[in-house]
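A.B. asks: Now for the letters of each chain:
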Amino acid sequence: MTQEETATQGRQVSGTKGTTRYIANPVVSCRVEGKEGAILFNADTDSTTLINTTGLFCWIYLQNSATVEELVAQCMKNYAGVPELAAVQKDIETFILDLVPEYIYEV
Amino acid sequence: MRCDSVEIDPAYPDLTVPPVGLPSAPKEVELQLTGRCNLSCRYCYYADSMKNVKTEVTTERWLEFFREMGSLGVQRVTLSGGEVFVRSDFFTLLDGIIANKMRYKILTNGTLVTEDVVEALASGKRRIRMDSVQVSIDGSCAEVHDQSRPPASFSRAVRGLRLLKGAGFPVTVRVTLNHHNIDDLDNIARLLLEDIELDGFSTNGTEAMGNARCYGEAIMLTKSDKLRAMKALTRLNEEYNGRISAAAGPLAEARAFKDLEERVARGEKFKKGRGKLSSCGGVFNKMAVLHDGTMVPCNMLPTLVMGVIGMHPLKDAWQKSPAINAVRRRRDVPLTALSTCRDCSYAGFCAGGCPASVMAETGQLLGRDVRGCYRVHIGEEVIR
Chain A
1 MTQEETATQG RQVSGTKGTT RYIANPVVSC RVEGKEGAIL FNADTDSTTL INTTGLFCWI
61 YLQNSATVEE LVAQCMKNYA GVPELAAVQK DIETFILDLV PEYIYEV
Chain B
1 MRCDSVEIDP AYPDLTVPPV GLPSAPKEVE LQLTGRCNLS CRYCYYADSM KNVKTEVTTE
61 RWLEFFREMG SLGVQRVTLS GGEVFVRSDF FTLLDGIIAN KMRYKILTNG TLVTEDVVEA
121 LASGKRRIRM DSVQVSIDGS CAEVHDQSRP PASFSRAVRG LRLLKGAGFP VTVRVTLNHH
181 NIDDLDNIAR LLLEDIELDG FSTNGTEAMG NARCYGEAIM LTKSDKLRAM KALTRLNEEY
241 NGRISAAAGP LAEARAFKDL EERVARGEKF KKGRGKLSSC GGVFNKMAVL HDGTMVPCNM
301 LPTLVMGVIG MHPLKDAWQK SPAINAVRRR RDVPLTALST CRDCSYAGFC AGGCPASVMA
361 ETGQLLGRDV RGCYRVHIGE EVIR
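So the protein lines, in turn, are chains A and B.
Start counting the first sequence at 1; every next residue gets the next number (our numbering).
Start counting the second sequence at 1; every next residue gets the next number (our numbering).
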């Protein structure tokens with residue numbers, strides 16, 4: 001498999017949909033760096049990206065597949081004093097779109 | 001050899017506490033997969049470890065360690081030895097590395113690289129996860145190369161190199177400069193860059209470790225050798241548009257000394273990040289494991305034991321081991337605290353050189369590496 005094939009094996013999305021399920025790319029490792037969040041590393045494409053602690057929270061959920069709605073619900077439940085639902089939803093969608101397809105797949 | 005005496009703050013730091021900003025785990029780990037080798041090179045720095053420690057980590061124990069590394073987010077490993085291809089389970093180990101989300105680099109003498117090995121390396125994810133495979137070539141012909149290696153090494157190494165290159169692997173070459181090959185550098189460059197058409201090759205110098213300590217100046221560079229090598233490599237690198245690289249050894253020193261001289265000519269007194277024992281920075285991102293499972297800060301510092309794989313958690317060894325934190329804390333020591341460097345007008349440009357060389361020469365960690373010393377280079381200080 002070439003690097004190009006590997007990088008695009010997840011389907012590119014132009015936007016997230018409520019029913020779409022996402023899952024962590026199994027070739028991606030996660031180095032937890034405490035309060036700074038974590039570093040994701042795609043060993044196939046030799047690329048890295050930083051995620052914050054909320055991103056890390058979502059990443060852990062994405063080890064099993066989840067929808068954006070489910071991730072939003074988990075964030076609202078886990079974090080006290082979170083902003084309103086629409087803002088959280090937008091943040092999660094941005095997080096997903098940033099990480100697809102290199103670090104996260106659509107299932 | 002003059003050893004340094006060092007003035008240390010009585011409030012010596014707690015070496016079980018990692019420095020601020022240290023990554024939670026190493027980004028890279030060098031694995032000496034085996035203590036066996038089909039060659040016995042006259043400058044092999046690892047020879048003492050191979051002779052002294054006969055036990056090797058088993059397949060299962062390596063695989064368990066790879067799982068531990070993967071879970072901590074270690075990104076890449078360097079596979080070395082000994083000679084990695086003497087391990088009959090090499091490809092099982094390689095697949096364990098791949099399964100645990102890591103990339104890899106291989107260091108080999110090239111002599112055991114056959115068509116079968118090349119085919120095996122090309123299969124599955126082994127090819128895309130490979131950062132590079134480095135073959136050691138020390139001469140342009142058998143007469144030179146085999147001066148530092150057993151007879152018939154050259155033809156087999158070049159054959160392996162050509163097989164890897166022909167199969168499209170990211171192959172590199174390391175030329176270790178020694179007493180026998182410094183007058184062959186033009187031919188070596190021609191062989192590697194023109195005949196074999198490599199993108200580039202790297203160089204370093206023979207270290208005063210392992211077998212080289214036994215052979216002395218019969219294999220190591222004399223001062224005159226080193227000066228000739230610096231000159232030749234600088235010229236060749238210009239001719240070949242920067243395709244010769246070096247992180248240590250004569251070419252690296254030639255660059256560093258040129259930079260120093262230009263700064264002095266401009267009236268500068270120091271360079272950012274220098275003036276302390278800040279070399280080497282490797283211990284902030286990587287570490288090594290010897291073939292018996294001993295975790296060490298660097299494979300050239302085999303006596304600084306951080307722990308043993310399978311017995312001590314990697315994360316704890318990385319963060320809390322006094323052995324590696326002592327190397328990291330060198331960068332808090334100003335060169336002016338060393339008796340040998342106190343009055344040096346170039347101390348503001350110096351990082352102290354390789355800690356492993358200091359350790360090999362003096363048996364202590366705090367000191368400067370005389371081989372990279374500018375004052376020694378220009379003859380202001382004479383080392384016996």
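Hints were generated in silico from the structure; no laboratory data involved.
Everything numeric in this text was worked out from a predicted model, so none of it was measured.
Hints should not be assumed to be uniformly reliable.
Straight-line C-alpha distance at most 25 Å; calculated DMTMM-like pairs for lysine to aspartate or glutamate [what the hints assert, rightly or not]:
1) B/K223 <-> B/E194
2) B/K286 <-> A/D46
3) B/K27 <-> B/E64
4) B/K125 <-> A/E36
5) B/K27 <-> A/E33
6) B/K315 <-> A/E36
7) B/K286 <-> A/E106
8) B/K315 <-> A/E106
Calculated from the model, a selection of chain A residues having no Cβ within reach of chain B, i.e. all distances over 12 Å [claimed, not checked]:
9) T19
10) T20
11) E36
12) I39
Virtual Cβ for every residue (Gly too), placed ideally from N, Cα, C.
A.B. asks: Which earlier hints can't be squared with this structure?
C.D. replies: Hints 1, 4, 7, 8, 11 and 12 contradicted; others consistent.
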